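There are 2 protein chains.
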Amino acid sequence: MTETATRLAALREKMRQTETDLVALGPGSHMQWLVGFHPHADERPCLLLVSEAGECFLMPALNAEGSRENTDIAFHTWSDDERPDAALAAALGAIGADKAKSVVLDETMRADFALRLLGALPDAKHTFTGETVGALRMRKGESEFARLKTSAAVADRALQKAFAAIKPGMSEKELATVIRDHFASEGAIPLFTIVGSGPNGAFPHHQTGERKLAEGDAVVIDIGARKGGLPSDITRMAAVGRPPEGYGQVHTIVERAVEAALAAARPGVKAKEVDAPARRVISDAGYGEYFVHRTGHGLGIDGHEPPYITATSETVLEEGMVFSIEPGIYIPRRFGIRLEEIVILRADGPEIFSSLPRDLHVSGA
Amino acid sequence: MTETATRLAALREKMRQTETDLVALGPGSHMQWLVGFHPHADERPCLLLVSEAGECFLMPALNAEGSRENTDIAFHTWSDDERPDAALAAALGAIGADKAKSVVLDETMRADFALRLLGALPDAKHTFTGETVGALRMRKGESEFARLKTSAAVADRALQKAFAAIKPGMSEKELATVIRDHFASEGAIPLFTIVGSGPNGAFPHHQTGERKLAEGDAVVIDIGARKGGLPSDITRMAAVGRPPEGYGQVHTIVERAVEAALAAARPGVKAKEVDAPARRVISDAGYGEYFVHRTGHGLGIDGHEPPYITATSETVLEEGMVFSIEPGIYIPRRFGIRLEEIVILRADGPEIFSSLPRDLHVSGA
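For the protein sequence lines, the chains are G and H, in the order given.
Numbered as in the numbering used here, the first sequence ends at 523 without a single skipped number.
Numbered as in the numbering used here, the second sequence ends at 523 without a single skipped number.
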């Protein structure tokens with residue numbers, strides 16, 4: 159049985175459990191996971207449709223031949239000089255889904271794709287993929303684990319290159335270039351290279367800029383790249399010479415928050431029960447208002463995917479799930495500290511992908 | 159008046175003309191065009207909402223501080239430990255849009271963002287941005303023209319580098335690397351580097367691969383990169399030594415199709431009236447079934463945007479619109495030929511951005 163056949167069978171089992179008549183995926187990571195590829199994504203409606211009876215593509219004619227190399231699934235094509243409505247109707251009819259009452263939509267697909275499909279199914283109720291494709295994607299097999307681990311090792315080495323390169327007067331962008339160049343040298347495609355120096359570190363999603371690193375800066379380095387189709391994601395802290403006043407105490411609190419979340423993560427516990435102890439460590443230390451995000455997110459084909467480790471998530475964690483643990487404290491106008499591990503949940507707890515310590519890296523200044 | 163204020167005023171004028179109560183944009187190019195930036199795009203609902211009375215953001219708390227550097231528009235924030243519904247309701251109320259009856263949705267936003275918004279406005283009818291933001295974005299000013307032209311010049315030079323590098327035995331990916339390296343050397347971010355050699359050229363959206371260029375191959379090179387925030391897009395043809403049998407005749411037909419479309423493009427004509435003459439040249443020559451796509455697409459912040467030059471588009475072309483003219487003929491298992499110009503429509507016809515001829519580049523083999 160091919161991987162696609164196995165995954166389609168697992169999806170149909172989830173569809174029966176959730177009384178779903180139709181699953182519709184756009185050209186993105188859900189489609190990639192299910193059938194191993196996705197056609198070029200643009201403004202041309204393109205959907206993979208799965209019902210109990212069968213599966214088929216609504217396919218822009220332009221992409222039909224190229225996609226045919228990747229799949230045997232039937233195509234209902236439409237060309238640039240016609241609207242896709244007739245091909246969509248034919249596709250729905252071909253798999254007995256033209257009267258679908260309950261539709262699972264790929265939440266990431268373009269709004270116009272989704273509303274066109276719902277327009278063709280006026281009686282349908284929609285949900286998103288959380289209980290079906292999303293639930294299946296959360297648990298990784300050993301081959302995915304091995305590939306994610308390979309990708310993580312590349313990120314570890316890129317981070318070590320960054321540590322070695324840090325010096326006062328270098329801009330954030332220059333440091334990001336060192337990281338990107340290392341990723342490229344190992345055949346990895348950089349996804350993000352956040353370098354938040356000094357006060358910029360207090361913006362969790364800081365856009366790496368022209369600010370020059372200065373002595374006494376704490377520097378948040380949060381990087382990821384895609385290698386072998388799968389992403390990495392790691393955050394570590396560096397200091398340019400002596401860290402700012404009060405840094406060490408806050409770093410210790412974030413480290414304890416990471417440890418508390420790692421200790422709580424076991425199969426059978428809810429995601430919010432992993433978020434809570436990290437949040438409690440930070441709140442109890444008086445920094446609660448400065449921990450402005452969730453504790454973590456899943457990682458697979460997408461850099462952010464379920465399970466999300468939030469204060470309110472009821473998702474029950476299972477063996478084989480891969481997610482980040484990344485609490486942070488962001489003190490406006492001073493510095494930010496985030497420490498991030500990616501883990502796979504084993505029967506006895508989380509296994510960390512990275513081999514780098516979470517200590518502050520002090521670069522000689 | 160700032161550019162944002164000018165564009166918001168123009169948008170409100172379009173909203174009045176189209177009886178639109180609310181425009182909702184996701185973190186993407188429409189938002190970038192309107193307010194000059196967009197926050198980090200991920201699974202967290204983030205919307206820019208514009209009504210007659212005002213404008214505001216639904217903003218993930220995580221991105222609030224970083225975004226505040228870029229805009230004075232009010233934020234309604236929500237954090238990872240709550241759902242965005244209350245913040246969305248507050249945002250709609252703040253601009254008097256909580257009873258909106260007609261909503262324009264950014265067609266590119268995620269399906270879940272759009273359906274969440276429509277769920278909060280159960281009486282609203284939706285359309286997409288074609289008559290409002292899309293219509294405004296089609297006409298470029300001289301400063302956008304100058305920046306697009308700069309970006310196009312970088313692509314011309316990258317293509318010349320590729321021509322110089324072509325030799326038998328080189329893989330498509332290796333040639334793409336030459337192109338990407340050139341883009342990077344000029345500070346441009348590569349967007350796509352399609353190298354379709356020999357029979358691969360017959361796939362319009364071929365994924366550049368490991369196939370090695372061989373003597374007698376025709377090679378489609380379709381490349382683009384972002385420079386100064388704006389993209390380029392150009393396609394030219396190369397041959398490795400002597401082109402395949404019958405190549406010259408087909409190249410001449412595609413060239414005549416380009417010329418026919420260029421001759422037809424004038425302010426006041428419909429987009430389909432530019433597509434038609436290109437299509438007619440190819441059909442009359444007996445290759446109609448091998449011209450599987452539209453004649454062109456607009457280019458601005460997005461590499462593909464309105465106006466689309468299709469067989470059925472009623473869009474009336476206006477002075478200042480920027481779009482591609484790119485007919486092609488794709489002969490399965492043999493070769494493909496596409497020639498692509500980006501033009502800006504002037505009062506007296508199209509002005510071509512590229513300075514490269516459309517002749518076949520024959521590389522010494």
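Source of the hints: derived by calculation from the structure; they are not laboratory data.
Since the model is a prediction, treat every value here as computed from it, not as a measurement.
Mixed in with the good hints, there may be bad ones.
If chains are identical, the list can't say which one is meant, so a pair holds when it fits in one copy or spans any two.
Pairs of lysine-lysine residues, derived as BS3-like cross-links and limited to a Cα-Cα distance of at most 30 Å, are as follows [to be verified]: (1) 257 to 370; (2) 319 to 259; (3) 325 to 283; (4) 331 to 283; (5) 428 to 283; (6) 257 to 319; (7) 331 to 428; (8) 325 to 370; (9) 331 to 319; (10) 331 to 430; (11) 259 to 283.
Consistency of the hints with the structure:
1. For the homomeric pair residue 257 and residue 370, neither the shortest alpha-carbon distance inside one copy (60 Å) nor that between copies (48 Å) is at most 30 Å.
2. For the homomeric pair residue 319 and residue 259, neither the shortest alpha-carbon distance inside one copy (54 Å) nor that between copies (55 Å) is at most 30 Å.
3. In this assembly of identical chains, residue 325 and residue 283 lie within 30 Å of each other by CA distance neither inside one copy nor across copies; the values are 57 Å within and 56 Å between.
4. For the identical chains of this complex, residue 331 and residue 283 are neighbours neither inside a copy (47 Å) nor across copies (45 Å), given an alpha-carbon limit of 30 Å.
5. For the homomeric pair residue 428 and residue 283, the shortest alpha-carbon distance inside one copy (28 Å) is at most 30 Å, but the shortest distance between copies (39 Å) is not.
6. Taking the closest pair of Cα atoms, residue 257 and residue 319 never come within 30 Å of each other, the shortest separation being 57 Å inside a single copy and 55 Å across copies.
7. Taking identical chains as interchangeable, the C-alpha atoms of residue 331 and residue 428 are never at most 30 Å apart, the minima being 39 Å within one chain and 45 Å between chains.
8. For a Cα distance limit of 30 Å, the shortest separation of residue 325 from residue 370 inside one copy, 9 Å, qualifies, whereas the shortest one across copies, 43 Å, does not.
9. When the C-alpha separation of residue 331 and residue 319 is checked against a cutoff of 30 Å, the pair qualifies both within a copy, at 14 Å, and between copies, at 27 Å.
10. Proximity of residue 331 to residue 430 under the C-alpha cut-off of 30 Å is found in neither arrangement, the shortest distances being 36 Å within a copy and 45 Å between copies.
11. For the identical chains of this complex, residue 259 and residue 283 are neighbours both inside a copy (6 Å) and across copies (22 Å), given an alpha-carbon limit of 30 Å.
Of the hints listed earlier, those the structure fails to meet are numbers 1, 2, 3, 4, 6, 7, 10, in rising order.
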